[in-house]
Amino acid sequence: MTYASDVAALARKDLLLELRAKETLPSMLLFVIAALTIFHFALPTGTSDVAARGLLWAALIFTALLGLTRAFVAEREQSMFDALILTPVDRSAIWLGKAIAVFAFLVAAEVVALPAFAAFFHGLDGRTVAAVVLADIGICTVGTLFGAMAVAGRARELLLPLLFLPMAIPIVVGGVGGFLWFLVLYDAIFALLSWAAFEYVVSEV
Amino acid sequence: MRIHLTLPVLAAACTGLFGLAIGLALFYAPEDADQGLSQRIFYFHVPLALTAYACFGWGAWKALKYLRTRDERADLESYVAIHQGVIFGALTLLTGSIWARVSWGVWWSWGEDELVLFLVLFLFYCAYFMLRFSVDAGPARANMSAVYALFGVVLIPVSFLAIRLSKQFIHPVVFKLDGPQMTGSQFFTFCVCLAAMLTLFATLYAIELAGKRLDRSLRELKELLTA
Numbered sequence: 001m002t003y004a005s006d007v008a009a010l011a012r013k014d015l016l017l018e019l020r021a022k023e024t025l026p027s028m029l030l031f032v033i034a035a036l037t038i039f040h041f042a043l044p045t046g047t048s049d050v051a052a053r054g055l056l057w058a059a060l061i062f063t064a065l066l067g068l069t070r071a072f073v074a075e076r077e078q079s080m081f082d083a084l085i086l087t088p089v090d091r092s093a094i095w096l097g098k099a100i101a102v103f104a105f106l107v108a109a110e111v112v113a114l115p116a117f118a119a120f121f122h123g124l125d126g127r128t129v130a131a132v133v134l135a136d137i138g139i140c141t142v143g144t145l146f147g148a149m150a151v152a153g154r155a156r157e158l159l160l161p162l163l164f165l166p167m168a169i170p171i172v173v174g175g176v177g178g179f180l181w182f183l184v185l186y187d188a189i190f191a192l193l194s195w196a197a198f199e200y201v202v203s204e205v
Numbered sequence: 001m002r003i004h005l006t007l008p009v010l011a012a013a014c015t016g017l018f019g020l021a022i023g024l025a026l027f028y029a030p031e032d033a034d035q036g037l038s039q040r041i042f043y044f045h046v047p048l049a050l051t052a053y054a055c056f057g058w059g060a061w062k063a064l065k066y067l068r069t070r071d072e073r074a075d076l077e078s079y080v081a082i083h084q085g086v087i088f089g090a091l092t093l094l095t096g097s098i099w100a101r102v103s104w105g106v107w108w109s110w111g112e113d114e115l116v117l118f119l120v121l122f123l124f125y126c127a128y129f130m131l132r133f134s135v136d137a138g139p140a141r142a143n144m145s146a147v148y149a150l151f152g153v154v155l156i157p158v159s160f161l162a163i164r165l166s167k168q169f170i171h172p173v174v175f176k177l178d179g180p181q182m183t184g185s186q187f188f189t190f191c192v193c194l195a196a197m198l199t200l201f202a203t204l205y206a207i208e209l210a211g212k213r214l215d216r217s218l219r220e221l222k223e224l225l226t227a
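In order, the protein sequence lines correspond to chains A and B. By the numbering used here, the letter at position 93 of the first sequence is numbered 93, and the numbering carries on one by one without gaps. By the numbering used here, the letter at position 8 of the second sequence is numbered 8, and the numbering carries on one by one without gaps.
Read the hints as simulated data drawn from the structure, not as lab findings. If you're wondering where the values come from, they're calculated on a predicted model, not measured in any experiment. A virtual CB, placed ideally from N, CA and C, is assigned to each residue, including glycine. Take these hints with a grain of salt, some might be off.
Derived, one-sided and incomplete: chain A residues facing chain B with beta-carbon distance under 10 Å [what the hints assert, rightly or not]:
hint : residue
1    : L29
2    : A150
3    : P166
4    : G174
5    : A197
6    : Y200
Facing chain B, according to a computed beta carbon distance under 7 Å, are these residues of chain A, among others [claimed, not checked]:
hint : residue
7    : R70
8    : A74
9    : V151
10   : G153
11   : L162
12   : L163
13   : L180
With the rest of the complex left out, here is chain A (with noise of 0.2 Å):
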């Protein structure tokens, strides 16, 4: 089995299991819209494009903060995460597997999401569009490492947005501003940093 290979088994694992059980996506969708919806009403009318875009990220972080606060809940509650560690593939493997289903949830959420934000608030332009995505592989990096420490702890669901919440501030700065190299930039440095420190905050769970 080559790395590739292995993170798509992984990957594909995931997205079975929530193709079967639909237990995050729904709610992560349904989530996202009624924060829009709670927005609509928060923001005074006639607010400018640039308050209504920032409220969308407010969205998408919270919503993505949904996401990963469930990714590793299979594991804990099936204790599978001896037997992914017992398994014969590199450590780095598993969290890229389980960042890219949770990158596909992300954009599943976000393709309902945008959507209806063009149609609540003022429309979208294809810099915004560029930037979640571009958002969405941040937040799923460092959010995996992240959500894999917060299980681990006994506050859990408690634990991860206190520790993603601040890391997440630069995305929205950048995702907010439309810096689409800062953000290709903190891709970058933060998907190696995870990428590499993975097999520490697994290997003595």
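Go by the hints and put chain B onto chain A.
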């Protein structure tokens, strides 16, 4: 045993340097023409901030050392350094806030890069403690703490860049690279204050580390006795 020798020396150096620093900052450094007395908080605010960075950097260095050697002592050292860093960081936020109130009339200014960066770092490193206290002690916790500490030092420049960028749409401010120029005596005072602050960190670090180690050996002894 080394700590027993270095701790009194450090503490003495810290006391001396701090006395000197306070004296210099209050009496020797010239009054700022613009801000008057309130500018003198600069001699504590900026060294506090730099010391906090030093703490986080030291903590990350020890974290890296832990990941490479799996030496439990490095884990404890990393934790203590970050603990001190959070304390210095909190003091930076506090002194910065006081300074902002006096010179700009507001408690908080999003326009000030350093303050916003410290808020982000403060949030990040507070979560470090949540992580640490939420996981049972052992190699898993040490690993996670080390990884998180390493993410912290990478987050510092990335956040700084982000905050600089965010000004373009929150605050239309031109980048300023040349800060207020300091006179020789101001710079000297600043250096003494920085040295004092770094020695304070070293002293507190040594004290906390000694305490934590003592605590652990005591616990081990207790377990031996009850076993």
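Hints, one by one, checked against the model:
no. : hint : verdict
1   : L29  : 28 Å, violated
2   : A150 : 8 Å, holds
3   : P166 : 4 Å, holds
4   : G174 : 7 Å, holds
5   : A197 : 4 Å, holds
6   : Y200 : 4 Å, holds
7   : R70  : 18 Å, violated
8   : A74  : 20 Å, violated
9   : V151 : 10 Å, violated
10  : G153 : 3 Å, holds
11  : L162 : 4 Å, holds
12  : L163 : 5 Å, holds
13  : L180 : 12 Å, violated
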